[in-house]
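**Student:** Listed here are the chains, written in short residue letters.
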Amino acid sequence: MIRCVQTEIIKRLFGGKSVNRSTTLKMLSVDPSSSVGASMRKEEGTRPLVGILATFVGSPLEREIADAVQKTRPDIRFEVFVRGKPTISEKEMEDLKSCEILIADPNIILENNLVNNLPNLKWMHCLWAGVDRFTRSFSPSGPYPSYLLTRNGDFFCIQMAEYVFGYIIDKERHITEMKKLKEQSLWKRLPYRTLSELTLGIVGFGDIGKEIARVAKAFQMNVWALVRSFPKDGEQGPHVDEYRLSSDLPELLAASDYVVSILPSVPSTDGFFDGDMLSHCSPKLTTFMNIGRGNVVKDETIIAALDRGWIGGAVLDVFSVEPLPDDSPLWTHPKVIVTPHIAGLCISGSKIAGDFVQNYDRFVKGETLPYTVDWDKGY
Amino acid sequence: MDGHRRLESTDRPPAVGVLFNYHSAVVIANTLKKLSPKMRIELVSSGLDLSENDKRKLDSLEILFTQPNLVQSLKLHLLPNLKWMHCLIAGVDLIVETLKSEKSISSFPVTRNASYFDLQMAEYVIGIILSRERRIADVHENQRNQIWDQEVFRKFRPLTDISIGICGFGSIGKEIARVAKTFGIKVYALVRNLPTEAEQSPTVDEYKSIGELGDLLSSSEYLVSILPCTPSTNGFYDGDVLSMCRRKKTVFINIGRGNAVSESTVIRALNEGWIGHAVLDVFDKEPLPAESPLWSHPGVTITPHISGTHMIPERFVKVALDNYNRFLRGESLLNIVDVNKGY
Chain V
1 MIRCVQTEII
11 KRLFGGKSVN
21 RSTTLKMLSV
31 DPSSSVGASM
41 RKEEGTRPLV
51 GILATFVGSP
61 LEREIADAVQ
71 KTRPDIRFEV
81 FVRGKPTISE
91 KEMEDLKSCE
101 ILIADPNIIL
111 ENNLVNNLPN
121 LKWMHCLWAG
131 VDRFTRSFSP
141 SGPYPSYLLT
151 RNGDFFCIQM
161 AEYVFGYIID
171 KERHITEMKK
181 LKEQSLWKRL
191 PYRTLSELTL
201 GIVGFGDIGK
211 EIARVAKAFQ
221 MNVWALVRSF
231 PKDGEQGPHV
241 DEYRLSSDLP
251 ELLAASDYVV
261 SILPSVPSTD
271 GFFDGDMLSH
281 CSPKLTTFMN
291 IGRGNVVKDE
301 TIIAALDRGW
311 IGGAVLDVFS
321 VEPLPDDSPL
331 WTHPKVIVTP
341 HIAGLCISGS
351 KIAGDFVQNY
361 DRFVKGETLP
371 YTVDWDKGY
Chain E
1 MDGHRRLEST
11 DRPPAVGVLF
21 NYHSAVVIAN
31 TLKKLSPKMR
41 IELVSSGLDL
51 SENDKRKLDS
61 LEILFTQPNL
71 VQSLKLHLLP
81 NLKWMHCLIA
91 GVDLIVETLK
101 SEKSISSFPV
111 TRNASYFDLQ
121 MAEYVIGIIL
131 SRERRIADVH
141 ENQRNQIWDQ
151 EVFRKFRPLT
161 DISIGICGFG
171 SIGKEIARVA
181 KTFGIKVYAL
191 VRNLPTEAEQ
201 SPTVDEYKSI
211 GELGDLLSSS
221 EYLVSILPCT
231 PSTNGFYDGD
241 VLSMCRRKKT
251 VFINIGRGNA
261 VSESTVIRAL
271 NEGWIGHAVL
281 DVFDKEPLPA
291 ESPLWSHPGV
301 TITPHISGTH
311 MIPERFVKVA
321 LDNYNRFLRG
331 ESLLNIVDVN
341 KGY
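Note that the protein sequences, when read in sequence, are chains V and E.
All the letters of the first sequence, read from the start, carry residue numbers 1 to 379 under my numbering.
All the letters of the second sequence, read from the start, carry residue numbers 1 to 343 under my numbering.
These are calculated hints, taken from the structure and not from any lab test.
One or more hints might be untrue.
The calculated lysine to any residue pairs, modelled on SDA-like cross-linking and capped at a C-alpha distance of 25 Å, are [claimed, not checked]:
(1) V:Lys71 - E:Asp138
(2) E:Lys318 - V:Leu198
(3) V:Lys180 - E:Asp138
Construct the entire structure; sequences and hints are all you get.
**Tutor:** See the structure below:
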């Protein structure tokens, strides 16, 4: 969950006049027999109604995205701009409901009970990579929304890798400790290891995991990846030394100096590392890192694993409850690093615009869109 | 000027002297023995008081694996039969001075352990950059105060938005460029001679000649100096040079040698707002004396010459071993030091 502080609501002024629904909403007629996303025939003079529902404070992200799109594609026009917090006005609700395509933060859709209340929506493009709150709000057998949901799959990858290696190198090369030594005017050389001597275990091997593996290999790390199924011959990535299935998690944990969980939050990953699972980390006193979702391990499990000497440290960006409650022992445990869900927070309007435009063209042609959320899988 | 001879089939292979800090010397000797069982190794004392036995050992040595600061204290005239010296570290400035001053007897090739240190130094540089860009110190501070604040960390710049200027583009500089490119950082490289298109590395966005140093400084969020210590690099960044960093308030990182910039220059550059921060791993005097004003300046990060000091024994001796085999076969050696250039 991204917590946002909003103080203004922005409306787009169309040609200097305030938005007048009856003149500016352009509805595209859709063949009712066609399946969702199959085709939107562009009738002459009409375009799909596109809106943006964004949540950023400070920088008008929705403006940034729209401007970036308009630069290369003046044919794609945004008619609706809504700031999702603190509240959405009735008028804005109506505007949102008129949209056929929406770039949005799905959590705000959820919070405002709009999930099944967007009758004209054919496709929602999500700003973030994680859509779990949205997908977990449905009952397992549906009903699911009738629109497509796509998520921002690859933009965050390199940022997550920056986070992971930032903390790994900080720890291995004692960067934080050297600051403390400087404060004491102490010239003291601390012995260190190089990443090339270490093994990284990646649990959850989607695009973020693959990017982390790529960077790990640039440092000549040994890389293990936990996968749902072994890649076929010829499909094995160049950056993975050992693949293992979920049932082999103990072996992966025992082999790893660092383990990074990027598992999404779905029922099958609840408590993935709970119980005695982390005891398998004791041979190397693995450092456990979580940048996926907090459902995979309880706070108490981490504390116990540290105190029992199973894991050597924890770097946690995600938690079962966010913000992390004041009374959580994770805040003060000397071997835990708490970061407030910031591993992949940087967002670029121009990058989102680029992805959106590519998807838009595919969408109107009826092609499949990358990172379409599979309602059954939950991501 | 290779000066080595082919090994005759009846000859015993020449003994290799290892002159290094004691504990490491033992590790090195054991590693060499393990990887090359037929090698004859003589541990040479680094002390100034040499016994007659030590002097005899030195007298017959044709090969010496060593570190530059220890050669200073050992007169080269005690090694009249030396045919090849290999420095097990990358920086050879101290040996070069000694060799130049004892020119008449130093007619053997000197090689150095270039490439071994590259990756760990690149790790250090990227670690410094990531630590700053992701504001790890602030994250820790917030944790200490139990503050959950995302907003303050929202606006970090991804590494794809920044540039690094690399001054000194040998094997270490090239490795830094490669790792920087892994993260999508834009790379400027300062070189003495601009490479032809065929020679250009795909990890460098723009090569700059020394005359274009100003361009490089004003374009880089981070400047890494790996310049070796030679007469031509003395005070390389002194005077007003760093004022050209003003535009981006470059962060200056020195992992080469301390002669390139004086303490007072660093302090002035910080106080004038030319550079945003200085990360210094090397100094004129090491350990850095307690009275140095660098210790207490908030714009300075001090690391005790550790960007490349970790020994992984088998990898550490690899160049030495490669060269040893080349030496025996009469082939040319790797990483020969040009005494005139100083590296």
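**Student:** Now, for every hint given, state plainly whether the structure supports it.
**Tutor:** Comparing the hints with the structure gives:
1. The hinted pair formed by Lys71 of chain V and Asp138 of chain E fails the criterion: a straight-line CA distance of about 37 Å is larger than 25 Å.
2. Distance hint between Lys318 of chain E and Leu198 of chain V is fulfilled; the C-alpha atoms sit about 20 Å from each other, no more than 25 Å.
3. A threshold of 25 Å between alpha carbons decides the hint, and for Lys180 of chain V with Asp138 of chain E the separation of about 14 Å falls inside it, so the pair holds.
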